[in-house]
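What follows is each chain in one-letter form.
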Amino acid sequence: MDFVGLTMNEGIARIALRRGKVNAINETVVDELTDCFRKLSFDPAVKAVIFTGEGKFFTFGFDIPEFLGYSKEAFVRYLTKFTGLYADIFLYPKPVVAALNGHTIAGGCMLAIACDWRIMVQGSAKISLNEINFSSSVFAGSVEMMKLWLGQKKAENALLSGAMYSPEDARELGLIDQIVSKDDLDSEAGKKAREYASQDSAAFASIKKLLRKPAAEEMMKRERESILEFVEIWYSEKTWNNLKEKVIRS
Amino acid sequence: MDFVGLTMNEGIARIALRRGKVNAINETVVDELTDCFRKLSFDPAVKAVIFTGEGKFFTFGFDIPEFLGYSKEAFVRYLTKFTGLYADIFLYPKPVVAALNGHTIAGGCMLAIACDWRIMVQGSAKISLNEINFSSSVFAGSVEMMKLWLGQKKAENALLSGAMYSPEDARELGLIDQIVSKDDLDSEAGKKAREYASQDSAAFASIKKLLRKPAAEEMMKRERESILEFVEIWYSEKTWNNLKEKVIRS
Amino acid sequence: MDFVGLTMNEGIARIALRRGKVNAINETVVDELTDCFRKLSFDPAVKAVIFTGEGKFFTFGFDIPEFLGYSKEAFVRYLTKFTGLYADIFLYPKPVVAALNGHTIAGGCMLAIACDWRIMVQGSAKISLNEINFSSSVFAGSVEMMKLWLGQKKAENALLSGAMYSPEDARELGLIDQIVSKDDLDSEAGKKAREYASQDSAAFASIKKLLRKPAAEEMMKRERESILEFVEIWYSEKTWNNLKEKVIRS
Chain A
1 MDFVGLTMNE GIARIALRRG KVNAINETVV DELTDCFRKL SFDPAVKAVI FTGEGKFFTF
61 GFDIPEFLGY SKEAFVRYLT KFTGLYADIF LYPKPVVAAL NGHTIAGGCM LAIACDWRIM
121 VQGSAKISLN EINFSSSVFA GSVEMMKLWL GQKKAENALL SGAMYSPEDA RELGLIDQIV
181 SKDDLDSEAG KKAREYASQD SAAFASIKKL LRKPAAEEMM KRERESILEF VEIWYSEKTW
241 NNLKEKVIRS
Chain B
1001 MDFVGLTMNE GIARIALRRG KVNAINETVV DELTDCFRKL SFDPAVKAVI FTGEGKFFTF
1061 GFDIPEFLGY SKEAFVRYLT KFTGLYADIF LYPKPVVAAL NGHTIAGGCM LAIACDWRIM
1121 VQGSAKISLN EINFSSSVFA GSVEMMKLWL GQKKAENALL SGAMYSPEDA RELGLIDQIV
1181 SKDDLDSEAG KKAREYASQD SAAFASIKKL LRKPAAEEMM KRERESILEF VEIWYSEKTW
1241 NNLKEKVIRS
Chain C
2001 MDFVGLTMNE GIARIALRRG KVNAINETVV DELTDCFRKL SFDPAVKAVI FTGEGKFFTF
2061 GFDIPEFLGY SKEAFVRYLT KFTGLYADIF LYPKPVVAAL NGHTIAGGCM LAIACDWRIM
2121 VQGSAKISLN EINFSSSVFA GSVEMMKLWL GQKKAENALL SGAMYSPEDA RELGLIDQIV
2181 SKDDLDSEAG KKAREYASQD SAAFASIKKL LRKPAAEEMM KRERESILEF VEIWYSEKTW
2241 NNLKEKVIRS
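Residue numbers (my numbering), protein chains in the order written: chain A, 1 to 250; chain B, 1001 to 1250; chain C, 2001 to 2250.
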């Protein structure tokens, strides 16, 4: 794997994004993460997964410059894989702890909210589903997960404003569960992963499925249609120009 | 339009109920509101809507004396239009800010909770879905919206008690979002409307639809059956006598 | 009825579990409760129901020693009845107040959360859906009710940890609604039952159905499949041994 690091420690797998400075998500990243999560799901030695990033970003979201070169068809294919990845994580039969080591933005936030528990480093990093700020829509599944954790009103406030949240605000909102110092991130994520892993694995998987399946069915029922609408808006003149300008500025 | 005032100010439309002292809702009011909201939805110059009332009431709800003269069939027709109106507002593609200038009761509360943001004047005005207090049921869609904003337990408390809430209690409950002085109502509603309107309109409409569609489908799936049950209870001897007595007393 | 006491007081029925020291639930208990609730639902003299237990336990849950002698088929039959009982209570057309006189554990907690209002005695009694702690799953309907009252995140915390909650923690969580002293339990439950019963019964039943039906449909849609999965896990070697050990220790 080029962009995904995998280490194991006493039954706890650690999956770490490592792609450039901001861990930008492209199709290879999604393919590697999907394969990695799937393989670990079948390995009885793996009791829980920690999902994190290397460097100062969990991930800044999609690699927009790369996707500006995609055709509509190719982009739909990518988005189908991407939303499939967060659905896989959301329904993952083992515990998944998100260790948010830095900025967790847009597509990065969508992956984070699919996990069971979110620990974020205290400091200046932000978490946000800010697509509306570059005239983009989002996906049905990501909206469904936001409503689950935040409730309808706060999910609307977050998604319709594109606000960037500090860890403190995000915890208040229900977007993350815990804040720790940078130095404690690995140990606290490990502690939470071991806490989940101490439960009987069959009972855990069964109860987690009962907790998540109704929402997951809603997510999947609407995902295809929402991807097509997302793509229409993405390739509209106004949004496309916004995206190009964003790329030039960065 | 006889009972609905419409003014425009820099892309913000202001729809104001104006019918007698309490802005009682009858079939003409519903027809006019429905037409007005629909026309504005197609007008690209309109960026957001403020929905308010003239005088001391947003609205006290249905014009009960008038409906006591309706046949069951005519009342079912009216209720189908009324619930269609709140569904239209709930799924409105543009931002809708409710500027609750006074009492917001029963059917009035149902219209208010279909909006995106509720600002209420501080003071003695109350907000309530109090149908149970005159032995009446409510509609499936209104219950669904209450559960969305308040959560299950608080929605049950509100609907099964018919409690009248002060603005402070309503904000604590999640029934309204903001309290302002009477003098600031227009300017604060305008500020919120412009805040929403500053977002890209296509992205806003798409994300709002994703946020609301699952609940709207639940609402619409159950509305017809709930209207028929509502009407059965409305015309039952006990409820009918309550309504007549209420009319005589008022 | 052997294990269920029924008394009436001015239109308020009091159903009390009374089976041994811990009010353990077996098939006869479920049959008697089901019959009792159904009969009262048709009796126009009954305005509300209080559901409680005799002694120091509301109920400690299933009578595990007895069920260890059940075949899979018999256990599926029992579980179908049990989940049908909580669905009946959840959709009960009259008010049901749970007067939790003591420990309210596992299956006991599932019955409690089907009621409209939960009052618990202050003191050392605990409430918990702790199935995961003996390597057991739960049922779809019980998960759905937990999500309704607690919200997704807190329901996940409760069900995936099996934590035992004090009355204070349970109220904070939304798992119970009110805490009273042992001496005040009966009078406070009566007060709440009379408050509900003061509403028009047809309007109450109609509005309660609108509030509960969407969740109840989710519950029922998934219940059969979840019972079969529950049974597979229950009879797995690991869980079976846990259960036997639990019985020997107790």
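The hints are simulated quantities; they were obtained by calculation from the structure and are not laboratory data. No residue lacks a Cβ here, since even glycine has one placed at the ideal position from N, Cα and C. Misleading hints may appear alongside valid ones.
Subject to a maximum C-alpha distance of 16 Å in a straight line, what follows is the list of computed EDC-like cross-link-like pairs (lysine to aspartate or glutamate) [said to hold, decoys possible]: (1) 221(A) to 1218(B); (2) 2081(C) to 2010(C); (3) 2213(C) to 1169(B); (4) 153(A) to 172(A); (5) 1154(B) to 2237(C); (6) 2213(C) to 1217(B); (7) 1213(B) to 229(A); (8) 209(A) to 2218(C); (9) 1154(B) to 2172(C); (10) 1126(B) to 1169(B); (11) 2221(C) to 217(A); (12) 1213(B) to 172(A); (13) 2126(C) to 2177(C).
Residues of chain C placed beyond 12 Å of chain B at every Cβ, according to the derived structure [unchecked claim]: (14) 2064; (15) 2151; (16) 2213; (17) 2215; (18) 2237.
Hints, verified against the model:
{"no.": "1", "hint": "221(A) to 1218(B)", "verdict": "14 Å, holds"}
{"no.": "2", "hint": "2081(C) to 2010(C)", "verdict": "31 Å, violated"}
{"no.": "3", "hint": "2213(C) to 1169(B)", "verdict": "27 Å, violated"}
{"no.": "4", "hint": "153(A) to 172(A)", "verdict": "14 Å, holds"}
{"no.": "5", "hint": "1154(B) to 2237(C)", "verdict": "43 Å, violated"}
{"no.": "6", "hint": "2213(C) to 1217(B)", "verdict": "14 Å, holds"}
{"no.": "7", "hint": "1213(B) to 229(A)", "verdict": "14 Å, holds"}
{"no.": "8", "hint": "209(A) to 2218(C)", "verdict": "14 Å, holds"}
{"no.": "9", "hint": "1154(B) to 2172(C)", "verdict": "14 Å, holds"}
{"no.": "10", "hint": "1126(B) to 1169(B)", "verdict": "10 Å, holds"}
{"no.": "11", "hint": "2221(C) to 217(A)", "verdict": "13 Å, holds"}
{"no.": "12", "hint": "1213(B) to 172(A)", "verdict": "26 Å, violated"}
{"no.": "13", "hint": "2126(C) to 2177(C)", "verdict": "14 Å, holds"}
{"no.": "14", "hint": "2064", "verdict": "31 Å, holds"}
{"no.": "15", "hint": "2151", "verdict": "7 Å, violated"}
{"no.": "16", "hint": "2213", "verdict": "7 Å, violated"}
{"no.": "17", "hint": "2215", "verdict": "8 Å, violated"}
{"no.": "18", "hint": "2237", "verdict": "39 Å, holds"}
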